[in-house]
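There are 2 protein chains.
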Amino acid sequence: MDEIKHAIQDVYGDDYAWCYGCGRLNDSGLHLRTGWDGNQTVTLYNPRKAHMAIPGFIYGGLLASLIDCHGTGSASLALHRKNGHEPEDGVEPPRFVTASLHVDFMKPTPDGATLKAIGEPEEIHPKKWRIQTEVFADDVCCVKGEVIAALMPDSFG
Amino acid sequence: MDEIKHAIQDVYGDDYAWCYGCGRLNDSGLHLRTGWDGNQTVTLYNPRKAHMAIPGFIYGGLLASLIDCHGTGSASLALHRKNGHEPEDGVEPPRFVTASLHVDFMKPTPDGATLKAIGEPEEIHPKKWRIQTEVFADDVCCVKGEVIAALMPDSFG
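Each protein sequence line maps, in turn, to chains A and B.
Residue numbers for the first sequence follow my numbering, beginning at 2 and rising by one.
Residue numbers for the second sequence follow my numbering, beginning at 2 and rising by one.
Excised from the complex, chain A in its bound form (with noise of 0.2 angstroms):
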């Protein structure tokens, strides 16, 4: 899969779409996009140059970041097929927040190629999702990552 075609991120609510990670209204922020690839959810990024760690490997931060917007965009995908929906349905998708985020470092993740995100949303909670992903640089795992995503509450703060 190169290209996300139909991203959730495209249809969250206009207040919703301001996130550094993955908001299409921020912008200097990454606009992660996520789509489904059969049963699995895929973010793909393009790290930008000053997005090392040292020269050659990607920054960890950044790394973390894919994985928590690929996280909480895979719940809201999940959810949303849940409910009867798809992205290309242009019906606005339920928004989650990160409870928590777990990254590996399995080894340095090497620059100039396109991260690959792959996850797979599974239910734990009406609420609550949990999404595991690996992240892939060339076809080689370089990172594993867990989010655990909550719907966003009514009032948030």
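Do not rely on the hints blindly, as some may be mistaken.
In this list, chains with the same sequence are indistinguishable; a pair is considered to hold if it fits within one copy or across any two.
As the list claims (entries may be wrong) - Calculated pairs, DMTMM-like style, for lysine to aspartate or glutamate (alpha carbon to alpha carbon, straight line, at most 20 angstroms):
no., residue 1, residue 2
1, Lys-128, Glu-93
2, Lys-50, Asp-28
3, Lys-128, Asp-105
4, Lys-6, Glu-121
5, Lys-108, Asp-155
6, Lys-50, Asp-15
7, Lys-50, Asp-16
8, Lys-83, Glu-121
9, Lys-145, Asp-105
10, Lys-108, Glu-147
These aren't lab readings, by the way, just hints derived from the structure by calculation.
We have chain A; now place chain B onto it with these hints.
For chain B alone, coordinates are given in the frame of chain A:
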């Protein structure tokens, strides 16, 4: 503590000072700086306007980045001190990489405050340190994190 006078990142070797999170030579980066406050390590950061999750609240990936570089910086400070050095000596310190990162988002982190990460480095192996960190905004702990930092191998990659 309102200011980090002597940060470990100020004395990282030039080859290891390019990190997007904490490299002083990375023009686009966050320039996170970590220093001692007694036996605790502290990193302060004022997020950019764009670093939001939704308007009014800080992006989780930015908080993960803060905990990440605070962790590797704290491990470097701790081993450097064990070796008899302080950042103000100007001696090049050991450099660490992140083996794993865990972040618990306890409550939404409001914008407008200087974020303060406070940690205590604990040696768990001759080449590994655990850094448990709390992140405060306006004296409220919003996020807790744990980094396992490993001494950077000679041939990274």
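Results of checking the hints against the structure:
In this assembly of identical chains, Lys-128 and Glu-93 lie within 20 angstroms of each other by CA distance solely inside one copy; the values are 17 angstroms within and 49 angstroms between copies. Taking the shortest alpha-carbon separations for Lys-50 and Asp-28, both the intra-copy value of 18 angstroms and the inter-copy value of 11 angstroms come in at or below 20 angstroms. Taking CA atoms no more than 20 angstroms apart as the test, Lys-128 paired with Asp-105 passes between copies only; the shortest distance there is 17 angstroms, against 25 angstroms inside one copy. Taking the shortest Cα distances, Lys-6 and Glu-121 sit within 20 angstroms of each other inside one copy (18 angstroms), while across copies they are farther apart (45 angstroms).
In this assembly of identical chains, the alpha carbons of Lys-108 and Asp-155 lie at most 20 angstroms apart only when taken from different copies (14 angstroms versus 39 angstroms within one copy). Taking CA atoms no more than 20 angstroms apart as the test, Lys-50 paired with Asp-15 passes between copies only; the shortest distance there is 18 angstroms, against 29 angstroms inside one copy. Proximity of Lys-50 and Asp-16 under a CA criterion of 20 angstroms is satisfied inter-copy only: 16 angstroms between copies versus 30 angstroms inside one chain copy. In this assembly of identical chains, the alpha carbons of Lys-83 and Glu-121 lie at most 20 angstroms apart only when taken from the same copy (14 angstroms versus 43 angstroms across copies).
In this homomeric assembly, Lys-145 and Asp-105 come within 20 angstroms of each other (Cα to Cα) both inside a single copy, at 5 angstroms, and across copies, at 17 angstroms. Proximity of Lys-108 and Glu-147 under a CA criterion of 20 angstroms is satisfied in both settings, with 17 angstroms inside one chain copy and 19 angstroms between copies.
The earlier numbered hints are all upheld by this structure, with none contradicted.
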